[in-house]
Structure formats: C-alpha cells, structure tokens
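Visitor: Sequence:
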Amino acid sequence: VLDFVCGWYILAARYCQSSKTLAAFVSTNSITQGEHVAVLWGEMQRLGMHIHFAHRTFQWSNEAKGNAAVHCVIVGFGLGKPRKCDLWDYGHQIAGEGVLKKSRRINAYLVDAPAVFLSNRRDPICQVSAMNKGSQPTDGGNLLLNEYEALNLRTHDPMAAKYIRPFLGADEFLNNTPRYCLWL
Numbered sequence: 028v029l030d031f032v033c034g035w036y037i038l039a040a041r042y043c044q045s046s047k048t049l050a051a052f053v054s055t056n057s058i059t060q061g062e063h064v065a066v067l068w069g070e071m072q073r074l075g076m077h078i079h080f081a082h083r084t085f086q087w088s089n090e091a092k093g094n095a096a097v098h099c100v101i102v103g104f105g106l107g108k109p110r111k112c113d114l115w116d117y118g119h120q121i122a123g124e125g126v127l128k129k130s131r132r133i134n135a136y137l138v139d140a141p142a143v144f145l146s147n148r149r150d151p152i153c154q155v156s157a158m159n160k161g162s163q164p165t166d167g168g169n170l171l172l173n174e175y176e177a178l179n180l181r182t183h184d185p186m187a188a189k190y191i192r193p194f195l196g197a198d199e200f201l202n203n204t205p206r207y208c209l210w211l
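All residue numbers for the sequence shown refer to our numbering, where the first residue is 28 and numbers rise by one.
Honestly, I wouldn't trust all of these hints.
Claimed, not checked - For each label pair, taking beta carbons as the anchor points, the in silico distance ranges come out as:
#: 1; residue 1: S156; residue 2: K108; range: 39 to 49 Å
#: 2; residue 1: L127; residue 2: Q154; range: 39 to 49 Å
#: 3; residue 1: S156; residue 2: E62; range: 20 to 30 Å
#: 4; residue 1: P193; residue 2: K47; range: 47 to 57 Å
#: 5; residue 1: L171; residue 2: R110; range: 41 to 51 Å
#: 6; residue 1: F52; residue 2: P164; range: 36 to 46 Å
#: 7; residue 1: K47; residue 2: T165; range: 51 to 61 Å
#: 8; residue 1: L211; residue 2: E124; range: 41 to 51 Å
Said to hold, decoys possible - Okay, derived cross-link-like pairs now, BS3-like style, lysine-lysine, Cα gap no bigger than 30 Å in a straight line:
#: 9; residue 1: K92; residue 2: K108
#: 10; residue 1: K108; residue 2: K129
#: 11; residue 1: K111; residue 2: K129
#: 12; residue 1: K129; residue 2: K47
#: 13; residue 1: K111; residue 2: K47
#: 14; residue 1: K160; residue 2: K189
#: 15; residue 1: K108; residue 2: K47
#: 16; residue 1: K47; residue 2: K128
#: 17; residue 1: K111; residue 2: K92
Hint data in this document are derived by calculation from the structure and do not stem from the laboratory.
Note that beta-carbon positions come from the ideal geometry of N, C-alpha and C, so glycine has one too.
Using the sequences and the hints, build the whole thing.
Guide: Written out as structure tokens, the structure is:
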C-alpha cells in the first residue's frame with residue numbers, strides 16, 4: 028500500500044536514530060493521505076520520529092514539455108519532540124507563497140493535532156452487520172447529474188427535485204466540482 032518514497036523515509040529515520048540528525052523530503056502528498064498514513068507514520072513513530080516542520084500540499088510544476096503539475100509536501104523529521112513546529116499552508120489554491128503557522132506539533136496528516144492514525148479496516152467496530160457497500164451508486168452512472176442537469180431537472184420536474192442530493196466523491200472534493208445524484 029506504500030509509495031516507493033516511503034522506503035526512503037524509513038531509511039532516513041534509521042539514519043536519524045544513529046546520527047541524531049534531522050531529515051527532510053519533498054514527496055507527493057499521498058504519504059499524508061489514506062492508508063499510507065497509518066502504515067508509514069506508525070512505523071516512523073515506532074522508530075521515535077517526530078515531524079519538526081512541514082509544508083502542506085503545494086503544486087510543483089516543472090519546465091518540461093507536457094508539464095504535469097504534481098501535488099507535493101515537504102516533511103522534516105527527527106528524534107525527539109520539538110517544542111515548536113513550523114507548518115506552511117498554501118490554502119485551497121495550493122499555489123503561491125505558503126503562510127507560516129507556528130504550531131505545537133504536527134501529525135502525519137500535517138495538521139496541528141495529536142498523532143492519531145486512522146487504519147484501514149474491513150470489520151465493524153461493534154456488533155452490527157457488515158456493510159458491503161456504502162452510499163455508492165451502482166447503476167452505471169444513470170442517476171448521477173452534473174450541475175446543468177440537476178438545474179434542468181429541478182426546473183422542469185419540481186416533484187423529482189426533492190430527490191436530487193449533492194454527491195461528493197474524491198474527484199468532486201479535490202476539484203471542487205458540483206455533482207448530484209437522484210437519491211431514490
């Protein structure tokens with residue numbers, strides 16, 4: 028479940044243990060999202076590592092032909108809890124100059140909060156039936172609507188309008204794209 032760069036984090040953490048130094052990497056922001064966090068940062072914590080400074084997600088582009096923008100983070104870590112941490116935030120636009128926030132701590136999600144890991148799990152946490160699917164439209168996309176389609180349906184069929192609900196998946200969240208679903 029880990030990106031290749033996670034191996035470099037572990038190697039650097041082992042080096043930090045023996046040399047009492049800090050290390051920092053520029054890497055894709057995936058190391059601070061999803062399953063990566065509990066797996067990578069659980070091991071980093073076991074090795075005694077603490078994040079000392081970080082740059083939250085920012086857009087890094089290059090001058091190559093067919094330039095693809097990459098969403099990156101910078102994470103500096105080492106042994107021992109720092110008294111104060113520097114955390115740069117680039118806002119929703121993830122571009123331009125970061126804003127420095129002095130923090131007490133930085134967790135693996137790159138926020139000033141306690142180190143809590145949300146692990147991937149398949150089983151319920153209490154005595155209930157297992158959920159095989161959540162709120163997932165599995166009709167081939169026929170119930171999904173873009174903003175224009177939702178407005179058109181609301182205008183021409185007021186009765187159907189009460190069944191239109193916002194639909195938010197990863198793509199909609201990351202790209203701030205309005206999307207809707209007929210919730211029947």
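Visitor: Does each hint fit the structure? Answer for all of them.
Guide: Status of the hints after comparison with the structure:
Separated by about 42 Å at the C-beta atoms, S156 and K108 satisfy the suggested range of 39 to 49 Å. Take L127 and Q154: their Cβ atoms lie about 47 Å apart, and the range 39 to 49 Å holds. In this structure the hint that S156 and E62 lie 20 to 30 Å apart at CB holds, the actual value being about 24 Å. Between P193 and K47 the beta carbons are some 51 Å apart, a value that agrees with the proposed interval 47 to 57 Å.
At about 50 Å, the beta-carbon gap between L171 and R110 stays in the expected band of 41 to 51 Å. Range check, F52 to P164: Cβ separation about 38 Å, and the 36 to 46 Å hint holds. The hint said 51 to 61 Å for the Cβ distance between K47 and T165, and at roughly 54 Å that hint holds. Checking the proposed 41 to 51 Å range against L211 and E124 shows it holds: the Cβ atoms sit about 47 Å from each other.
For the proposed pair K92 and K108, the alpha carbon gap of about 43 Å is over 30 Å, so the pair is violated. Our distance criterion of 30 Å between C-alpha atoms is met by K108 and K129, whose separation comes to about 15 Å. Distance hint between K111 and K129 is fulfilled; the C-alpha atoms sit about 7 Å from each other, no more than 30 Å. Of the supplied pair hints, the one linking K129 and K47 holds, its CA atoms being roughly 24 Å apart against a limit of 30 Å.
Restraint check for K111 and K47: the C-alpha separation of about 18 Å stays at or below 30 Å, so the hint holds. Of the supplied pair hints, the one linking K160 and K189 holds, its CA atoms being roughly 24 Å apart against a limit of 30 Å. Note on K108 and K47: the hinted pairing holds, with a Cα-Cα distance of about 13 Å set against a maximum of 30 Å. With a C-alpha separation of about 26 Å, the suggested pair K47 and K128 falls inside the 30 Å cut-off, and the hint holds.
Note on K111 and K92: the hinted pairing is violated, with a Cα-Cα distance of about 41 Å set against a maximum of 30 Å.
In summary, the structure is inconsistent with hints 9 and 17 from the numbered list given earlier, while agreeing with the others.
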